[in-house]
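Starting from the two chains in their separate frames, assemble the complex, guided by the hints.
Those protein sequences? They're chains X and A, same order as listed.
For the first sequence, counting from 1, position 86 maps to 1004 in the numbering used here; every step adds exactly one.
For the second sequence, counting from 1, position 8 maps to 9 in the numbering used here; every step adds exactly one.
Because the hints were derived from the structure by calculation, they are not lab data.
Please note that a few of the clues may not be correct.
To be verified - Using 27 Å as the maximum straight-line C-alpha spacing, the simulated DSS-like pairs for lysine-lysine come out as follows:
| id | chain 1 | residue 1 | chain 2 | residue 2 |
| --- | --- | --- | --- | --- |
| 1 | X | Lys959 | A | Lys71 |
| 2 | X | Lys959 | A | Lys37 |
| 3 | A | Lys108 | X | Lys959 |
| 4 | X | Lys982 | A | Lys105 |
What the hints assert, rightly or not - Which chain A residues stay away from chain X? Per the calculated CB distances, all over 12 Å, these:
| id | residue |
| --- | --- |
| 5 | Arg14 |
| 6 | Glu15 |
| 7 | Asp17 |
| 8 | Asp27 |
| 9 | Leu46 |
| 10 | Gln58 |
| 11 | Gln60 |
| 12 | Leu65 |
| 13 | Lys69 |
| 14 | Ser74 |
| 15 | Arg76 |
| 16 | Asp79 |
| 17 | Pro113 |
Even glycine gets a Cβ: it sits at the ideal position worked out from N, Cα and C.
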Amino acid sequence: GAVVSQHPSWVICKSGTSVKIECRSLDFQATTMFWYRQFPKQSLMLMATSNEGSKATYEQGVEKDKFLINHASLTLSTLTVTSAHPEDSSFYICSARAVTGENQPQHFGDGTRLSIL
Amino acid sequence: GEDVEQSLFLSVREGDSSVINCTYTDSSSTYLYWYKQEPGAGLQLLTYIFSNMDMKQDQRLTVLLNKKDKHLSLRIADTQTGDSAIYFCAPNSGAGSYQLTFGKGTKLSVIP
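Chain A extracted, bound-state conformation (with noise of 0.2 Å):
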């Protein structure tokens, strides 16, 4: 099956940009996704990348996908304090695939 593995921790100043790294086992995932989750609350989605793009960018966020090297980052530009939370990356286990595999989640810590 399909492994993702993220940092468990971040540390960043208020203003500065944030990247948040993940690698997958799974070159067949077809599309993979961020999300964040605050304490005590279920999941936000943030943004997705498809498998045959290098790069995406929304607003403060911009997604990297290295598909070579099954890398997979979030760039979240002025980082602000309510950017505080834990982020997922999450893969699809494959082209045709519903199902998401999560990492262990990176949590954020923005320094005022």
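The following block holds chain X by itself, in its conformation from the complex (with noise of 0.2 Å):
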């Protein structure tokens, strides 16, 4: 149980294209989910967290504009970056978490690399 699907995989784009990226949960509800942002050999940096229905919190440095975040059901997160250059190139990574009981751990999807040409 408690799988998460993140899409797509990879992606390689030309500078100046917006890529969408999708998280679902798959055999759970999740109230919220998490997108974080991983450099190599870095920890995982949390851009934003999202709860469904509502505006996402973005974290101190992390342009909302930029990082469009939308959680429309239980079940989907998308992060679109907008309009994105080189220094956007990352491993980005969304979490889920269960809408019921005091310890949910977050569940991790599977990431997406990002390579902007």
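This is how it looks when you write it as structure tokens:
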């Protein structure tokens, strides 16, 4: 149980393109989903927290107009990197937390490697 | 905010035990998680411990928590080559918080 699917797994595109990444909880409902960015050999940096039906909460230094997050249902959140540039190249990982229970850990997707040329 | 520190590298021989250590700063953390990341993949939840516990064992995994010293460890018994990965310690950001703070991760290399 607790499977999170993230698509696409790898994207290569030209500078200026917008890229959408999907994060789905397959066998549970997720009130809260998280989006992280991971640089090579580094830890995970939380970008934003999204709750179903409300606006995402962005961490300090993360541009909300650059990284658009939509959490329209209890099983789907999307991250759109708008007008991507080479410095946006990174590994993006989502996680989802189930609706019920006090101790519900975050379950992670397999990540999306984004390469901007 | 919370700071989480881990050793960056650990190398062990196949069949030996591995011990990965973690220190954190926020004494209000209530749940402390261990995740495993294989190359190019997301994070896999391994185990967790609640802050009122000292020890938790789950098959080959043993988690020890010293709340006074804010020290957490993960012991892997009979380490196998398939255990080679990066291991992240991730305490939550206080009671009722869903956010996690991740250490830089410990890269475990298992020598056949």
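Structure versus earlier hints - violations, ascending order
Violated hint: only 9; rest satisfied.
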